[in-house]
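Numbering (our numbering), first residue to last: 1420 to 1974.
Think about it this way: if two alpha-carbon atoms lie no more than 27 Å apart in a straight line, the pair counts; the simulated DSSO-like pairs of lysine-lysine are:
1. Lys-1553 / Lys-1646
2. Lys-1909 / Lys-1772
3. Lys-1703 / Lys-1727
4. Lys-1705 / Lys-1727
5. Lys-1844 / Lys-1646
6. Lys-1646 / Lys-1506
7. Lys-1895 / Lys-1698
8. Lys-1646 / Lys-1877
9. Lys-1930 / Lys-1646
10. Lys-1506 / Lys-1650
11. Lys-1909 / Lys-1839
12. Lys-1705 / Lys-1730
13. Lys-1909 / Lys-1698
14. Lys-1650 / Lys-1552
15. Lys-1703 / Lys-1877
16. Lys-1966 / Lys-1844
17. Lys-1895 / Lys-1877
18. Lys-1705 / Lys-1909
19. Lys-1844 / Lys-1877
20. Lys-1966 / Lys-1835
21. Lys-1730 / Lys-1772
22. Lys-1877 / Lys-1969
23. Lys-1877 / Lys-1698
24. Lys-1844 / Lys-1650
25. Lys-1552 / Lys-1877
26. Lys-1909 / Lys-1703
27. Lys-1703 / Lys-1772
28. Lys-1650 / Lys-1930
29. Lys-1895 / Lys-1727
30. Lys-1930 / Lys-1966
31. Lys-1877 / Lys-1839
32. Lys-1844 / Lys-1930
Source of the hints: derived by calculation from the structure; they are not laboratory data.
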Amino acid sequence: MAALSAKTIKNAFLAQHHPRTRHGTRYHSGFCFCITRSMHSFQECRLSVADSSAKWLNTTTTPWTSFNKAVSCNAAQGGSDVSSSEKVDFLNLQNGSDIRGVAVAGVEGEPVNLTEPATEAIAAAFAAWLLNKKEADGLRRLRISVGHDSRISAHKLQNAVTHGITAAGHDILQFGLASTPAMFNSTLTEDERNHLPVDGAIMITASHLPYNRNGLKFFTSDGGLNKADIKDILERASEIYEESAHGKQREQEDASRGVVNSVDYMSIYASDLVQAVRKSAGGKEKPLEGLHIVVDAGNGAGGFFVDKVLKPLGAVTTGSQFLEPDGLFPNHIPNPEDKTAMNAITEAVLDNKADLGIIFDTDVDRSAAVDSSGHELNRNGLIALMAAIVLEEHPGTTVVTDSVTSDGLTVFIENKLGGKHHRFKRGYKNVIDEAIRQNSIGEESHLAMETSGHGALKENHWLDDGAYLMVKLLNKLAAARTLDSSIGSKVLTDLVEGLVEAAVTVEIRLKIDQNHADLKGGSFRDYGEAVLRHLENAIDKDPNLHKAPKNYEGV
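Please model the entire structure based on the sequences and the hints provided.
See the structure below:
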């Protein structure tokens, strides 16, 4: 099969966009996915989406299904024709190193801007960007994986991504419900039987944002893409989208279209986590036997951790909650920083008299824990715990965090643990990149963490993986229980003894109107810097206020 260069990938994508109507829409076999939703209530919509999810998995199990055969479908899905009236501001979809937008209509004042045609164009643009990065010059087809969290718009965007990639002449692996860390891991896993590793990965998620939002994250074997990469991809996508809207298409032979395979990658990924815990316990098959651990997945993608990780390790998991994927998030926001979410897992631990509680965000790149007494291990507490574990393994190492960590954490890391605390800018990618930079200049760093629950370790390819963070805690428990089977989560709590936290912590986020008169025609940055100068002056005049030293953001 002829592969396509980055220069022709755009035209290959456009050639697939034949005019379609809502009825009698043509799609390639293995790709038609119809959802019948009752619109009487969101609850009924939710249940029907869940049922359709199972149906989708059953229709994509044929290995390397070709898209050459066409079938009919009455639901307009991915690959819909782009109307010239549907303008999309692609650059407005950028959210740092991610793409975020509104994917579901129904919320007043929030029009849909992450449409299926826009998503197709973005996927095709990622393939073109990836070809350039790999300097493949069209010599081979790419393999790209796609997964999603539990959001109700997940399947239609997965369809759109699939069409955008395959129309550009590249092959795609669909993982279905997956975690963000697993998607990155698929670029590293050596398993040719399952067509791994892939050249690039796409995760469809918007983390803990409301149900109507969604987004995309992109990975290569080097890690997540940066802001400049995302801007490049969105600029390419805008060009592809505009040319498609104006009918600049080129016919293409069916043989050059990409093909699709469905892979149960979460089982592969979870198996690696299980082996890591067993290794820490000297090869014992069930090192967590006798431990009672409850998990709160917040109806996101983290439910796998119970059946695929904890149970094989011997843990009792009764009392675990909200494991079913539900994109309306009916119980609480899946966010380890959210008070309601943390109260929910704390209550589950206490009500079930569990040894440990674990909570994940929607796509499992963030996490937190609760010990048997109900003490929360999140934010500064989780950073302190991870720092204690990492500094036992790598004495004196530098711990890179975001800028809003407490002074008590600095004292704990530097005075109690003997490490170095390097505060840097907010944003998990900023923190991770700074840790990588520190190593490049000879300053050893093995841990990069945000107070949000994003945590990355050098030993794990600098991947911010909420499940891997929890495995590090389980490793500690498993190793301790090989010496004394009565040991519970107190072994973790003891590690953060001496951490002094502020009695009250308040975070205030200010919305700044770009058109406000106080800006006086200046930029957002100019105004922000003026606010910081004002704050510095106020601090200088008040003896009770002190600036945090060695802080690389704000004051």
